[in-house]
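Asker: Knowing the structure of chain A, use the given hints to seat chain B on it.
Those sequence lines, one after another, are chains A and B. The first sequence runs contiguously to residue 210 in the numbering used here. The second sequence runs contiguously to residue 72 in the numbering used here.
There could be a bad hint or two in this list.
Covered stretches of chain A, as calculated for chain B (at least 3 residues, CB under 8 Å) [said to hold, decoys possible]:
#: 1; stretch: 29-42
#: 2; stretch: 63-77
#: 3; stretch: 145-151
#: 4; stretch: 154-166
Treat the hints as calculated values from the structure; they're not laboratory data. None of the values given here were measured: they were computed from a predicted structure. All C-beta atoms, glycine included, are put in the ideal place defined by N, C-alpha and C.
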Amino acid sequence: MARMKFICDAERCIECNGCVTACKNEHEVPWGVNRRRVVTLNDGVPGEKSISVACMHCSDAPCMAVCPVNCFYKTDEGVVLHDKDICIGCGYCSYACPFGAPQFPSQGTFGVRGKMDKCTFCAGGPEANGSQAEFEKYGRNRLAEGKLPACAEMCSTKALLAGDGDMVADIFRERVLKRNKGAEVWGWGTAYGSKQAGQAPAKVEGAKKS
Amino acid sequence: MKRLSLLLITAAALTACGEKAQTLGTKNDATAYSGASNSFVEAGWSAGDKTSWEQQLRTRGQYGQNDHSRAP
Numbered sequence: 001m002a003r004m005k006f007i008c009d010a011e012r013c014i015e016c017n018g019c020v021t022a023c024k025n026e027h028e029v030p031w032g033v034n035r036r037r038v039v040t041l042n043d044g045v046p047g048e049k050s051i052s053v054a055c056m057h058c059s060d061a062p063c064m065a066v067c068p069v070n071c072f073y074k075t076d077e078g079v080v081l082h083d084k085d086i087c088i089g090c091g092y093c094s095y096a097c098p099f100g101a102p103q104f105p106s107q108g109t110f111g112v113r114g115k116m117d118k119c120t121f122c123a124g125g126p127e128a129n130g131s132q133a134e135f136e137k138y139g140r141n142r143l144a145e146g147k148l149p150a151c152a153e154m155c156s157t158k159a160l161l162a163g164d165g166d167m168v169a170d171i172f173r174e175r176v177l178k179r180n181k182g183a184e185v186w187g188w189g190t191a192y193g194s195k196q197a198g199q200a201p202a203k204v205e206g207a208k209k210s
Numbered sequence: 001m002k003r004l005s006l007l008l009i010t011a012a013a014l015t016a017c018g019e020k021a022q023t024l025g026t027k028n029d030a031t032a033y034s035g036a037s038n039s040f041v042e043a044g045w046s047a048g049d050k051t052s053w054e055q056q057l058r059t060r061g062q063y064g065q066n067d068h069s070r071a072p
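Same shape as in the complex, but just chain A:
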């Protein structure tokens, strides 16, 4: 298996917020915390597009780079997780994240000393897989149950794809080829470092002309 990734197909997203509801319900996320949300681009303008946004579990995660207490870690499948027993709630990760994923609850079980909370790709945390302690701190560990993230599995139009990067990319590619449009994947390049379709190659200052 390569690594876990999210893709949101903007051609299919109907802004129903089913992914947001599924996430909140699955992990019993408290009021005021949204691990996932739906963002509408060019809202009100004909041709507006909606995308579902959460932690993208970046290849080179900026949150990991800036954390002063090194509470983040990456699983073998590329899922970026954190240890709430180490997090000090400083908020640096929130400033570093290009997707606005880190959340800072102020009450309830998640809110102990304002520790950061974010999407776990339904992979829990460092506590024992499927334990009550893990559920209370991080929510359900669906990956360890042989399931994919609840947001993607509940998506009514299958706009949100989650799973092995190669697999979701293949599904998306097949769709684009059949409908012959909508190849843009917002956030993919930022999170995983590859260029989006139709994007010009980046110019490097001072590069020699060949």
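Answerer: Here is chain B on its own, set in the frame of chain A:
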């Protein structure tokens, strides 16, 4: 008196040596393919077998997300 105070200062200075090391770092997390200790584990794969776990996720992902393969 001088020797006693020197002894006390040395003893006080050495107390730091008895402190536990405060190392940073996350706890070891169990791999996802090792399974979960609850009753919600999906049937069709065996916990601890990485290949069967990967196959389970691939099958579930294709069946649940690739509607082109279900309704061509």
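Asker: Against which earlier hints does the structure fall short, listed by number upward?
Answerer: 1
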